[in-house]
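Engineer: Note that the protein sequences, when read in sequence, are chains A and B. Position one of the first sequence corresponds to residue 1 (my numbering), numbered consecutively onward. Position one of the second sequence corresponds to residue 299 (my numbering), numbered consecutively onward.
Everything labelled a hint here was simulated from the structure, so no lab data went into it.
List time: in silico SDA-like cross-link candidates among lysine to any residue, alpha-carbon distance up to 20 Å:
#1 A:K243 - B:H564
#2 B:K348 - B:D370
#3 B:K389 - A:Y292
This one's a predicted model, so the numbers in the text were calculated from it and none came from an experiment.
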Amino acid sequence: MNAREHLNLSPDSAAVRRVPTGPARRGPSGIEPARLTAGQPGTARGEVHRQQGRVVIDARGVYYKTLNEQIREEIEQGAREIVLENVIGQRYIGTGLAYRGVTVIVNGVPGNDLAAFMNGPTLIVNDNAQDGVANTMNSGLVIINGDAGDVLGYGMRGGSVYVRGSVGYRVGIHMKAFGDSRPLIVIGGHARDFLGEYMAGGEVMVLGLGPNDDPIVGSYIGTGMHAGVMYIRGTVAPHQLGKEVRHQEPGPEDQARIREIIHDYCQVMNISEAEVLARPFVKIYPYTSRPYGRLYAY
Amino acid sequence: MAYTTFLPPEFRVVIDKEACLQCGRCVQQCGWNVYTWDETEQRPRPDHSKCSACHRCVTFCPGGAITVKRNDLTFKGSDSMSPELVKAIWKQAETGGVLLTGMGNDKPYLRIFDHLLLDACQVTNPSIDPLREPMEMRTFLGRKPDYLEVVPAAAGSRAAGPKSKYRLVTELDRQLQLETPIMFGGMSYGSVSLNVHRALAMAAVELGTFMNTGEGGLHADLEPYQDHIIVQCASGRFGVDTSYLQAGAAVEIKIGQGAKPGIGGHLPGEKIDYQVSITRMIPQGTDALSPAPHHDIYSIEDLRQLIYALKEATGYKPISVKIAAVHNVAAIASGVVRAGADIIYLDGFRGGTGASPTIIRDHVGLPIEIAVATVDQRLRDEGIRNRASIVAAGGIRSSADVVKAIALGADACAIGTAALVALGCHVCQKCHTGCCSWGICTQRPELTRRLDPEWGAAQLINLVHAWTHEIAEVLGALGVNAIESLRGSRERLRGLGLDQTVLDILGVKAAGL
Chain A
1 MNAREHLNLS PDSAAVRRVP TGPARRGPSG IEPARLTAGQ PGTARGEVHR QQGRVVIDAR
61 GVYYKTLNEQ IREEIEQGAR EIVLENVIGQ RYIGTGLAYR GVTVIVNGVP GNDLAAFMNG
121 PTLIVNDNAQ DGVANTMNSG LVIINGDAGD VLGYGMRGGS VYVRGSVGYR VGIHMKAFGD
181 SRPLIVIGGH ARDFLGEYMA GGEVMVLGLG PNDDPIVGSY IGTGMHAGVM YIRGTVAPHQ
241 LGKEVRHQEP GPEDQARIRE IIHDYCQVMN ISEAEVLARP FVKIYPYTSR PYGRLYAY
Chain B
299 MAYTTFLPPE FRVVIDKEAC LQCGRCVQQC GWNVYTWDET EQRPRPDHSK CSACHRCVTF
359 CPGGAITVKR NDLTFKGSDS MSPELVKAIW KQAETGGVLL TGMGNDKPYL RIFDHLLLDA
419 CQVTNPSIDP LREPMEMRTF LGRKPDYLEV VPAAAGSRAA GPKSKYRLVT ELDRQLQLET
479 PIMFGGMSYG SVSLNVHRAL AMAAVELGTF MNTGEGGLHA DLEPYQDHII VQCASGRFGV
539 DTSYLQAGAA VEIKIGQGAK PGIGGHLPGE KIDYQVSITR MIPQGTDALS PAPHHDIYSI
599 EDLRQLIYAL KEATGYKPIS VKIAAVHNVA AIASGVVRAG ADIIYLDGFR GGTGASPTII
659 RDHVGLPIEI AVATVDQRLR DEGIRNRASI VAAGGIRSSA DVVKAIALGA DACAIGTAAL
719 VALGCHVCQK CHTGCCSWGI CTQRPELTRR LDPEWGAAQL INLVHAWTHE IAEVLGALGV
779 NAIESLRGSR ERLRGLGLDQ TVLDILGVKA AGL
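Hey, can you work out the whole structure from these sequences and the hints?
Structural biologist: Set out below in structure tokens:
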């Protein structure tokens, strides 16, 4: 499944360049310096099965650098769908990948910085993800069919991240929109403190689905926020909000946008749209685009 | 009873009426709108309170009629409550704001560079004449291996080379090759004008060194120079995408800046015009806020994560980490190197800035001399000095400072303020106002067009060439023929007028010993 095509999301205009694959470097006794310093030697490559445009790589016991090299090599050789089996904590999957129309499916739990700086591809994780998902992501689609950790979407400029479960602390910090790029994070479950801190554009939605009794969002929501918007399904107490944001009932335009986001999300996650829309949303927005404009004496 | 302000003008603009040609050029040249044209008398009238002593009008007055003088109002005077402090209190009482300033720390702290003296050869150890003998100024920045592995080469194989019987097995990490140990420090497009960036980039290519984008993205016009550009990734992530990361010769993670350690950046919306907006990839007119910390870096392990993310995204280019010189800089630097940084960029407290709260600029941080000496020593003690190169910046004012910094342990130096001075900066410390009459620290098109990038590049090339020649002269006098023979060679330094504690920290003997 290519969820990006499935959703008919318009590709953005950012230039996509080929990522050079670094030469395989050997240090003393044939071990790469990067491996030595990481304390994780091992040069085994994952077993690969190719079937037309579809490639399956067995990631069991494969060091992250090798795995990511293999992913790039396969894409450069024409793979359009890559399935990674038995992933256990390999970092940087999809990091810096700048190929549009490519889908990477991760079976297992990927390591930190999944899809960091990613520009274009669709990345689907059929498990939980760890910290730093979509760090400074530029475009593309990330779908997490489980929970995700802290600092998801830091400095994210475009593309979408859909999380089925809950996320940790500091999610959506300093997200920003520019031109046609408007980043979107939709969290099916709950979010912890500092959601959308310093947010400078884009959209964050938290649905609070599931049996969890936790508050839908934590505290200090939108501290320093100066652009963009958050939609929270349910209620938010004033003490949970940062001092730079206000909350209100969504207007008609917001309602339309909420329905649009929910429609796409529910289609991907295969859940009932009506059920999600049954509870009202609250809109959180910054009261000024210049929160620190009067702080200084010139 | 209300006063407009207690603050007297800092300067007085004096126009010699006889010399004044009444041409009005001063009115046109001043970015701060000091002058208004008096229609009845047909001559300029200055508003002294707006003058910043940048000398734009002085330089361009065809009659040579203008001088700028300090406004020598006599205060009763108090060593403790100086006129500067009194005026600062008035300003804050009137505005309620945090005092802002530009450039670097201007307070009279001990300038250690000025208390270090270099050695020279006499009689028993010959000096070298750099005019007639080769002097190696090339420097490589990046991680060096712990050791090299060589194996016997098969006879006649190409890898062995014509004479060698051995072949190098160890593959080296990528390095930055500098033809002179001077590079340009990070100054963002947004704080400085695009023409400044163009001049720096052109000069970097010509000089075989590097300019640094700062945290403002890389304008499309600079792509031809990208092999000589270090791109910066800071907490605001402005302009950072895959193309940007792949464009640079190296990527620098900016953790801190010497002029404002521990605080973030704040480019006001007024400076975000269309070109800055597309380069930073943020909407026009919005404030560009760089958070104080990277919110994804709370530990050395997190820093390591970002370093390797950037390596993964760039095909393993060298990654530099820029930190401000602060109290525990040696321990921090050790962590940064262990996190995988290929270059550690140390920024001393005299480093410049486009805008910083005055309290931070003037009271936070350490001199670069202390930072370089302690970091170099710490990395040597821990046996990891080879893993990263040290760049010294933040207070490098002359070629002598470059030589002394290298003797204290730096691999290379970076200049920011000195480079801007070469472009016409008069160090008026008003960078934060965005009114720079010299077209350097402003985005107003009528001002930025004053700086011709090709002229600017020529100025920078001249400066760095001159400094490089001076460094070669000093190396010759020291009797060494390569810049790397000087690195960490503290035995060639002596301290004059420094106390024993400072000498011990620097690892330098007192003059006479």
